[in-house]
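What follows is each chain in one-letter form.
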Amino acid sequence: MPLALYIARRVAVLVPTLFLVSVLIFSLQKLLPGDAALALAGEEHDPVAVAAIRAKYHLDRPAPVQYAIWMGKVLRGDLGESLRNRIPVTELLAAKLPVTVELAIGSMLIALAIGIPAGVISAARRGTVIDATANLVALSGLSVPHFWLGIMLILLFAVRLGWLPASGYVPPWEDLRRNLTTILLPSIVLGTGVAGVMMRHTRGAMLETLGADYVRTARAKSVPERLVVLKHAFRNALIPVITLGAIEFGRLLSGAVLTEQIFAIPGFGKMLVDGVFNRDYAVVQGVVLVSAGLYVLLNLMADVLYFLANPRLRGS
Amino acid sequence: MSDAAAVTDAIVAPTRRPHLVRRVLRRPVALTATLVVVAFVVIALGAPYWAPYDPIKTDYRAIRKAPSAVHLLGTDEVGRDVLSRLIWGARASLLAGAVPVTIALLVSLPLGLLSGCAGGWLDGLIMRVTDAMLAIPFLIVAIALAAFLGPSLINAMLAIGIAALPTFLRLARGTALALTTEEFVVSAQALGCSRLRVAVRHVLPNMLPPLLIQSSLTVAAAIIAEASLSFLGLGQQPPAPSWGSMLNAAQRYLSQAPWIALYPGLMIFIVVMALNVVGDGLRDALDPRVR
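Protein chains in written order, with this note's numbering: chain B, 1 to 316; chain X, 1001 to 1291.
Derived from the structure by calculation, the hints contain no laboratory data. Heads up, a few of these hints could be off.
[To be verified] Taking lysine to any residue pairs in the SDA-like style, the calculated list, with each CA pair at most 20 Å apart, reads:
#1 B:Lys-30 <-> X:Trp-1259
#2 B:Lys-30 <-> X:Val-1021
#3 X:Lys-1065 <-> B:Leu-155
#4 X:Lys-1065 <-> X:Asp-1284
#5 B:Lys-30 <-> X:Leu-1158
#6 B:Lys-30 <-> X:Ser-1152
#7 B:Lys-30 <-> X:Lys-1065
#8 B:Lys-30 <-> X:Leu-1266
#9 B:Lys-30 <-> X:Ile-1162
#10 B:Lys-30 <-> B:Ala-4
#11 X:Lys-1065 <-> B:Ala-55
[To be verified] So these bits of chain B aren't anywhere near chain X, every CB distance computed over 12 Å:
#12 Leu-59
#13 Thr-90
#14 Leu-109
#15 Ser-143
#16 Leu-155
#17 Pro-171
#18 Ala-256
#19 Asp-280
#20 Tyr-281
#21 Phe-307
By construction, the Cβ of each residue, glycine as well, lies at the ideal position given by its N, Cα and C atoms.
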């Protein structure tokens, strides 16, 4: 199957999914207890303001009509404006997203640097103390509550040792060195969790390839063990690991909510939390919609990567 | 939730039940983890009995006291005993672990069975909605739902349950679908069992092992999610204790009173790790390919 056809098929499946996602996100505002217009008008319940809001957000129309109006705007790139400061939500998103992307890249680098070597070594040394230790560390990375790990790292590196700033963010174009020092701790926090996932999957994939016939053949030809592990087994084990990496990257983009909160990093997650606290529902809907869109997109990318990396799929 | 795919693979072949518990407990690591989980449940259930102080009673003469013989784990920013709050906080975590998983199981078992056995447009509809829910990341769903429902422990549990639902539904439906092609199900149909009887007596019991594994892993994820929501102020409301909300308060006094931050997170870490080990142990014991 050619690549274009494969992508077209996957996208065709995505359209109904994304439609339902948008319906779910639209329905969120119907969960608001009582009258949405009253909730939006704030504490005073000024009848004039309530009526204005009701007309502005078409709350006097039936729900399907409201959805159609909302969706029409979303498709034209209009996600409404923040109730708090009247800035368009898309503008806010455009400002916050690069910060979160930088954090996600930093976390991913740490995860790959730890997770993949640990997975390869522990598979090659299966059943040894090294394997058991690596598994235990990976499980710890998966189990530790990240916001607590963040607090503990702040306590150690910022409060006790004073090596790194406790919180805040400096954009890379202002001061690259300070940017890296502000992004390091949160990247470690997020990276450890992903490293655990990567390690376990790399180990599993390696165990499978190490048991394959072509590895046995290589060993029978007395290819050095180092080469067997790194060339024959590792290269083939990388296919599922790459796919997983793309999916995990999508999770990082939306999974940084608490980490950004703790380190006061003005990204996507902090925008969501601020939106929640300011009862700024357009912002909340915007963040959820965009994070779902990104997640779907990265999953599609993972599928395409898998397709490209696996010649057997192209034949069928 | 990332283990869902692995769980789907954990297959559905009939297992000899009496040996399951023994198989899990034979491994020393799994045994230790099980004991930790049991201890956690006992501590949570017997909170009034174990706690040395009233967890919400403030004492302005004992603000931010370091751990000592009087207050074993110190006191917090309004003089409440940290140990007592930890013990009572276990209740919020236990509830947050159990209730969402129960919701997810109660919804996904019948719906998954229906979807997997009946097929057709109903299956298509259920699966498309599941896909849509899976497209929104777990914690984002939970935060958005909790925000729109309003902050309380009950709403947080409801939000976590709904967020966990699509993974369960997909697993239940996939398992049911795989089972319908198994020989013992086909032979039951050939013997003239009604569709309902086949579904309830033959398919349903065999759906349980993979859902059991998923449940133990989801209890762990739900405990972290509750702590996260409470940390953000969307879960347990003050002054009632929860490990997540204790961490929120603790962050403000990090340099003066680090012990307030240390213990709640450590408790979450230990309990979640134990639950994950139990989940892994269950998977190893139930998956015929690993055995």
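Subject >> List of violated hint numbers, smallest to largest >> reply: Violated hints (numbers, rising): 1, 2, 4, 7, 8, 10, 11, 15, 16, 18, 19, 20; every other hint is consistent with the structure.
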